[in-house]
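Peer 1: Residues per chain are reported as follows:
Protein chains: 4
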Amino acid sequence: MSLTPEQTAEIAAARAETRPTLRATSPGMEAQLYVAHQVLDHGIVRVVDYMGDDAAITQAARVSYGRGTKAVQNDEGLIRYLMRHWHSSPFEMCEVKLHVKLPVFVARQWIRHRTANVNEYSARYSILDREFYIPAPEQLAAQSKVNNQGRGAALEGAEAARVLDILRDDAMRSYDHYEAMLSQEGQQGLARELARMNLPANIYTQWYWKVDLHNLFHFLRLRADPHAQYEIRTYADVIATLVRDWVPIAYAAFADYRMGAVTISAKGVDLLKRRLAGADVTQENSGMSKGEWREFADIWGDGA
Amino acid sequence: MSLTPEQTAEIAAARAETRPTLRATSPGMEAQLYVAHQVLDHGIVRVVDYMGDDAAITQAARVSYGRGTKAVQNDEGLIRYLMRHWHSSPFEMCEVKLHVKLPVFVARQWIRHRTANVNEYSARYSILDREFYIPAPEQLAAQSKVNNQGRGAALEGAEAARVLDILRDDAMRSYDHYEAMLSQEGQQGLARELARMNLPANIYTQWYWKVDLHNLFHFLRLRADPHAQYEIRTYADVIATLVRDWVPIAYAAFADYRMGAVTISAKGVDLLKRRLAGADVTQENSGMSKGEWREFADIWGDGA
Amino acid sequence: MSLTPEQTAEIAAARAETRPTLRATSPGMEAQLYVAHQVLDHGIVRVVDYMGDDAAITQAARVSYGRGTKAVQNDEGLIRYLMRHWHSSPFEMCEVKLHVKLPVFVARQWIRHRTANVNEYSARYSILDREFYIPAPEQLAAQSKVNNQGRGAALEGAEAARVLDILRDDAMRSYDHYEAMLSQEGQQGLARELARMNLPANIYTQWYWKVDLHNLFHFLRLRADPHAQYEIRTYADVIATLVRDWVPIAYAAFADYRMGAVTISAKGVDLLKRRLAGADVTQENSGMSKGEWREFADIWGDGA
Amino acid sequence: MSLTPEQTAEIAAARAETRPTLRATSPGMEAQLYVAHQVLDHGIVRVVDYMGDDAAITQAARVSYGRGTKAVQNDEGLIRYLMRHWHSSPFEMCEVKLHVKLPVFVARQWIRHRTANVNEYSARYSILDREFYIPAPEQLAAQSKVNNQGRGAALEGAEAARVLDILRDDAMRSYDHYEAMLSQEGQQGLARELARMNLPANIYTQWYWKVDLHNLFHFLRLRADPHAQYEIRTYADVIATLVRDWVPIAYAAFADYRMGAVTISAKGVDLLKRRLAGADVTQENSGMSKGEWREFADIWGDGA
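Chains as they are written, first to last, in numbering that gives the first Met the number 0: chain V, 0 to 303; chain E, 0 to 303; chain D, 0 to 303; chain X, 0 to 303.
Heads up, a few of these hints could be off.
Any copy, or any two copies together, can satisfy a pair, since identical chains are not distinguished.
[Unchecked claim] Straight line, CA to CA, 25 Å or less: simulated SDA-like cross-link-like pairs of lysine to any residue:
id : residue 1 : residue 2
1  : 144       : 75
2  : 289       : 142
3  : 266       : 137
4  : 266       : 244
5  : 272       : 259
6  : 144       : 108
7  : 266       : 160
8  : 144       : 182
9  : 266       : 83
10 : 144       : 275
11 : 289       : 227
12 : 289       : 221
13 : 266       : 130
14 : 144       : 287
15 : 289       : 260
16 : 289       : 127
17 : 272       : 161
18 : 266       : 301
19 : 289       : 156
20 : 289       : 121
21 : 144       : 155
22 : 144       : 125
23 : 289       : 259
24 : 266       : 300
25 : 272       : 282
In short, the hints are calculated from the structure, not lab data.
From just these sequences and the hints, can you work out the full model?
Peer 2: Written out as structure tokens, the structure is:
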């Protein structure tokens with residue numbers, strides 16, 4: 000991990016100071032507050048603040064005066080109903096704020112999720128640290144042959160070594176040059192907002208990211224998915240465990256109705272019904288394109 | 000106020016139960032939590048949850064690991080700087096959730112602020128209460144003669160009495176008919192989602208409304224303003240006092256740089272500079288339209 | 000329909016004036032421009048402007064310099080791929096602006112879709128017309144026995160007649176009183192922003208509503224759905240036909256992958272796989288709640 | 000400029016093909032459609048599509064059936080009124096789609112404006128071109144001494160030459176290595192989604208960016224401002240000229256009430272009034288902080 004002793008001390012100090020509150024609290028999230036979870040080689044995810052718990056979802060759905068039913072079972076049934084029927088607004092009533100340290104190329108994917116608040120460390124104002132993401136050997140994947148936007152098997156031997164050398168050397172050289180351009184020893188020193196342009200996309204940046212639970216679920220559905228790039232997926236996977244600790248009932252509904260769920264097209268519904276009725280359905284008689292059929296058969300079998 | 004004994008008891012119960020938390024707390028907001036503030040004749044505003052405090056704004060702006068500087072003075076300087084220079088994202092790091100009871104015609108103005116989360120009491124699912132907004136006599140204003148979108152002096156005597164009679168009678172009759180159409184005694188009973196269409200726009204509805212501090216400030220700037228309709232302004236005024244208790248430093252900056260501030264057009268800047276240099280500036284030589292000049296002269300005098 | 004002769008003339012004039020443009024045009028949408036489609040008894044939907052066509056979706060997805068491939072087939076394959084894999088941003092590249100006249104209670108549901116731009120006729124500034132939605136007899140439905148938020152069979156006989164009488168009489172009386180309060184004959188006249196509070200939720204309002212294609216599809220998925228209230232569904236159904244004329248390829252993909260599609264929970268996927276393998280799956284051994292099973296069996300049969 | 004002959008031909012072809020439309024057209028914008036404007040050394044801005052014109056703003060504000068008043072003067076008065084009074088929704092009724100080629104570090108600032116639609120060229124899917132932003136000598140600025148987030152004077156002599164050498168060499172080397180890692184000659188070839196991490200932030204990317212006029216004005220106010228980094232400001236300046244051609248009346252109102260306008264705090268209003276009344280106002284008796292006073296005095300003079 001990449002915490003300095005000062006940072007570790009700040010986190011310990013933050014976890015040592017308990018205050019009384021009248022607000023809803025989530026015991027699972029209190030246990031997570033401020034704790035730094037390592038991601039990739041130098042990345043971090045940690046919860047900095049949160050609002051609401053499972054009961055806050057049903058309380059908002061009912062627009063109630065108090066904390067609502069004491070019966071957790073009723074809350075669970077309602078939460079599962081809301082998730083199943085795409086009622087999104089009650090889930091927007093919970094909010095979480097994360098502190099994330101991540102490579103710039105991951106940040107560029109992440110920021111595409113617009114319904115969130117973000118404060119990023121400013122490389123116009125401050126100097127970035129010498130920290131770069133270098134993939135672990137097993138993640139040094141070849142270009143996929145079948146998917147223009149994916150990875151194949153891991154590189155091997157000399158090729159892998161050569162790639163790692165390039166990534167490490169270029170990162171160090173670009174950072175050396177970044178420092179050399181900024182330096183004010185015996186020269187004026189280039190503006191920070193310009194010098195940063197020399198830094199590659201695997202340098203680490205960090206930000207505070209705040210999002211409501213509905214939009215966080217949407218983020219997880221897209222980014223904790225096998226189609227997402229491995230690097231952002233590792234962040235999503237860690238965040239998923241934090242959400243599970245925070246709102247266990249809502250997370251379970253999400254896992255069942257979104258993450259583990261499958262959407263079948265009108266054509267696919269028809270095919271499945273025919274199959275359930277005993278018909279022999281293959282790509283030839285499916286009316287589906289090859290790509291569509293491959294995705295269908297991956298789940299339901301190819302009927303052979 | 001319009002709380003039932005059960006609601007009063009629920010609020011008291013919520014305020015009686017303190018829990019320990021590691022999160023930032025705002026003492027001023029803890030004192031406000033759950034308390035129902037009366038607005039208009041049957042309206043309510045109360046804080047149901049909040050996230051963050053003044054320090055959370057600077058903590059996010061600095062993307063720091065801990066709670067940041069202990070020196071409140073540094074925080075204040077930074078917060079004022081951020082507000083002055085329209086840095087909105089640090090203010091988005093605080094969030095508040097309100098429970099509001101309000102007339103439908105006020106709700107229709109309020110919902111125009113889109114960057115917020117809302118769960119409204121459903122009149123498809125439930126039956127609305129017999130509660131209507133009837134203006135206080137001093138708010139029973141005549142149509143403005145100068146502003147198509149504003150109020151003039153209060154109505155007087157028989158005209159005022161007649162208006163109040165109409166509003167009260169029509170409200171009661173429409174609600175009687177609402178109940179009569181819904182009734183399942185000796186008849187099927189009309190669907191709730193249809194029966195509600197008979198209810199006038201002064202009936203009260205209620206919702207949970209969640210918003211970040213930046214967007215709440217924007218709401219207050221537009222709605223706690225003399226140009227806003229009186230009824231929504233009374234809600235904004237109450238919310239402003241809650242925000243002041245919650246984040247006193249940010250609120251003071253907002254009061255100075257937004258609420259009490261004035262935006263002067265390029266033309267107006269030129270006029271003021273000429274005046275400061277001793278020139279006699281009047282509408283005739285100002286290049287402003289009459290409406291523009293009136294607004295300018297309201298603040299800076301007409302030069303006469 | 001409720002167009003005045005002046006409005007009809009304005010629409011005819013707008014449709015008579017053709018201008019040359021270098022922009023992408025959609026022949027199907029040009030045929031629809033400005034034409035008023037009747038909805039309910041006095042409602043209207045009409046296209047006022049649009050941006051983009053099917054090719055604009057793929058052009059944006061490819062970030063190309065020109066109009067892209069001439070081969071419509073390639074465009075279709077890409078559009079279907081984008082829809083199937085939840086790539087939403089290319090669909091955001093098309094935009095449409097509608098003029099809609101609708102009852103206030105429908106407007107209140109509609110406005111919940113926040114990612115859109117809206118300008119509503121102002122009842123603070125102007126006087127509303129005497130137009131109210133009175134349901135057709137076959138839409139005068141009883142409250143559903145099984146669904147708190149739905150309709151049952153149509154009311155019959157005396158009960159239906161009584162409801163229609165109430166709705167008509169209360170609408171007329173409330174409007175008479177609205178006019179009486181506004182009147183400046185022999186009195187001051189109540190402010191418009193206050194007088195409107197006496198009007199019921201079935202009065203018609205109107206607005207300009209502008210939305211991108213991705214968010215419009217989301218609107219249609221939720222509002223052209225059997226669970227949506229009939230009144231808003233009729234608007235969604237009309238808009239769906241306009242979208243079909245505008246971007247036929249994207250609309251077909253939407254119909255297949257969204258409107259006609261089914262999302263199956265992780266549990267449901269498991270059940271279906273067991274069934275395909277010949278197992279006897281019933282509610283008892285499904286692990287589903289009654290509500291969940293009912294929804295599952297509605298599509299896939301109850302296994303009996 | 001960096002257009003290939005193919006791209007130039009595609010643009011010429013797009014400009015050659017006129018179609019009839021019933022929609023509102025803007026002559027100034029038709030003249031701009033598809034034309035590539037050079038920005039920085041390899042950057043481009045061009046209009047790909049647009050919706051609406053000046054009249055569309057007032058038409059939406061009036062929720063009218065036709066194109067509204069023929070009197071341009073009425074439109075101008077209304078547009079200026081709307082701008083002056085912060086009525087934002089009518090300006091949201093116009094929309095524009097731009098194709099922009101820009102360095103990655105500029106793209107990272109730009110994307111912070113969330114209320115827009117964007118499709119970026121995918122470096123997961125495709126291979127980026129060998130094009131990097133190298134500042135012109137006069138833009139090679141030193142770090143500002145007074146502003147942590149700004150530039151001072153241009154670097155000179157050997158220092159400037161050294162910086163340019165570094166930027167050019169590192170860009171070329173990183174791109175050589177990018178190609179070497181991707182190459183499938185005699186090796187597997189690294190996945191594109193990984194290889195891109197070696198590329199520095201001055202490489203060019205491109206995107207389609209679609210935004211409504213209100214949010215575009217907000218973008219211009221922040222980015223065509225002297226506090227914005229020079230590189231993004233050059234893009235904003237070009238876009239401003241396109242907007243001026245598109246909606247000349249709205250742009251003039253924006254220039255007067257936003258770009259050239261000044262917001263004065265409550266404290267500042269008080270100071271100006273005292274000065275207009277003849278008082279001697281200096282920092283000492285102003286109650287302002289040094290920073291605040293400096294900004295105030297920059298506009299209104301320091302009273303000395």
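Peer 1: Checking residue 266 and residue 83: alpha-carbon separation at most 25 Å within a copy, between copies, both or neither?
Peer 2: both (22 Å within a copy, 12 Å between copies)
Peer 1: If the cutoff is 25 Å on CA atoms, where do residue 289 and residue 259 land: within, between, both or neither? Let me know, please.
Peer 2: Answer is both: 24 Å inside a copy and 20 Å across each meet the 25 Å cutoff.
Peer 1: For the identical chains here, do residue 266 and residue 301 meet the 25 Å Cα criterion within one copy, between copies, both, or neither?
Peer 2: both (15 Å within a copy, 21 Å between copies)
Peer 1: Taking 25 Å as the upper bound on the Cα-Cα distance, should residue 144 and residue 155 be classified as within, between, both, or neither?
Peer 2: within (16 Å within a copy, 50 Å between copies)
Peer 1: Should residue 272 paired with residue 282 be assigned to within, between, both, or neither, using CA atoms and 25 Å as the limit?
Peer 2: both (15 Å within a copy, 19 Å between copies)
Peer 1: First find the shortest C-alpha distance between residue 266 and residue 160 inside one copy, then the shortest across copies, and answer within, between, both or neither for a cut-off of 25 Å.
Peer 2: Intra 48 Å, inter 44 Å, cutoff 25 Å: neither.
Peer 1: Are the CA atoms of residue 289 and residue 127 at most 25 Å apart within a copy, between copies, both, or neither?
Peer 2: neither (47 Å within a copy, 29 Å between copies)
Peer 1: Given identical chains, is residue 289 near residue 227, meaning Cα to Cα at most 25 Å, within a copy, between copies, both, or neither?
Peer 2: Only inside one copy: residue 289 and residue 227 sit 22 Å apart there, 35 Å across copies, limit 25 Å.
Peer 1: Between residue 272 and residue 259, at a C-alpha cutoff of 25 Å, which is it: within one copy, between copies, both, or neither?
Peer 2: Answer is both; intra-copy 21 Å and inter-copy 14 Å each pass.
Peer 1: Could you figure out if residue 266 and residue 137 sit no more than 25 Å apart (CA to CA) within one copy, between two copies, both or neither?
Peer 2: neither (39 Å within a copy, 33 Å between copies)
Peer 1: One pair to classify: residue 289 and residue 142, alpha carbons no more than 25 Å apart. Within, between, both, or neither?
Peer 2: within (22 Å within a copy, 47 Å between copies)
Peer 1: How do residue 144 and residue 275 come out at 25 Å by Cα distance, when the copy is not named: within, between, both, or neither?
Peer 2: neither (35 Å within a copy, 32 Å between copies)
Violation of the numbered hints given earlier is confined to hints 3, 7, 10, 13, 16, 17, 19; the remaining hints are satisfied by the structure.
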